[in-house]
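S.K.: Sequence:
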Amino acid sequence: MERLTKCTLDNADELAKPILQEIKTRYGMIPNFYSALGINGAVMKGYLEFEANLEEHSLLSLTQREMISLAVANYNGCEYCVSGHSFSGKRAGLSPDACIKAQQGKADNSEDQLLLDVALALLQHRGKLPDSLLEACLDAGISEAKVMQVCAWSGLNNFSNWVNNTVQPKIDFPKVPLQPYTE
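Once you know that position 154 of the sequence shown is 154 in the UniProt record's numbering, the rest is easy, because the numbers rise by one and skip nothing.
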């Protein structure tokens with residue numbers, strides 16, 4: 001059950017209304033996450049601009065971004081985001097097994113594994129990335145700029161998890177269960 005009143009085209013503020021209209025035009029509907037985010041138009045606008053900028057100038061591949069999104073969502077217990085990013089992860093080329101592994105913070109590729117380790121360490125240590133993990137990234141040839149993008153992408157996803165965990169919108173993707181997580 002949703003805990004806050006979803007934003008609709010009828011009740012949206014002046015910042016959210018045109019964004020919601022564009023989303024409805026693009027998708028033919030307004031996914032419930034956007035209805036939750038749109039409760040405050042400034043929040044919605046800021047989130048979407050940050051996301052678009054990160055995507056436009058990304059040093060992370062689409063599959064790496066989806067894997068990070070899945071790991072962060074699962075860590076935060078966000079069923080909405082786990083379901084949504086499992087759907088988009090598969091569309092980006094991740095196998096169903098890779099999506100489950102990403103939820104658990106696991107990847108088959110060593111670089112992807114380091115990126116997931118960074119994302120989860122940021123959550124576990126409240127943003128204080130351990131020196132040893134930063135050194136492991138740099139030793140593996142992962143640039144400082146790419147580490148910063150993992151920080152940004154993790155933070156963006158952490159925020160979307162907070163929105164969904166606060167509002168608890170109905171999941172409008174095929175529902176995917178959370179996976180057990182062990183540090």
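If you are wondering where the hints come from, they were derived from the structure by calculation, not from laboratory data.
The beta-carbon is built from N, C-alpha and C at its ideal position, and this holds for glycine as well.
Take the hints with a grain of salt, since some may be wrong.
Claimed, not checked - Computed list of lysine-lysine pairs in DSSO-like fashion (alpha-carbon distance at most 30 Å, straight line): (1) Lys175 to Lys24; (2) Lys6 to Lys175; (3) Lys6 to Lys128; (4) Lys106 to Lys6; (5) Lys17 to Lys45.
To be verified - The following label-pair restraints were derived from C-beta to C-beta distances: (6) Thr166 to Gln21: 23 to 29 Å; (7) Leu178 to Thr25: 20 to 26 Å; (8) Pro130 to Leu62: 43 to 49 Å; (9) Glu111 to Phe50: 21 to 27 Å; (10) Glu144 to Met29: 39 to 45 Å.
S.K.: It remains to establish, for every hint, whether it holds in the given structure.
M.R.: Now the hints, each set against the structure:
| no. | hint | result |
| --- | --- | --- |
| 1 | Lys175 to Lys24 | holds, 22 Å |
| 2 | Lys6 to Lys175 | holds, 20 Å |
| 3 | Lys6 to Lys128 | violated, 34 Å |
| 4 | Lys106 to Lys6 | violated, 34 Å |
| 5 | Lys17 to Lys45 | holds, 11 Å |
| 6 | Thr166 to Gln21: 23 to 29 Å | holds, 24 Å |
| 7 | Leu178 to Thr25: 20 to 26 Å | violated, 33 Å |
| 8 | Pro130 to Leu62: 43 to 49 Å | violated, 27 Å |
| 9 | Glu111 to Phe50: 21 to 27 Å | holds, 24 Å |
| 10 | Glu144 to Met29: 39 to 45 Å | holds, 40 Å |
The structure shown violates the earlier hints numbered 3, 4, 7 and 8.
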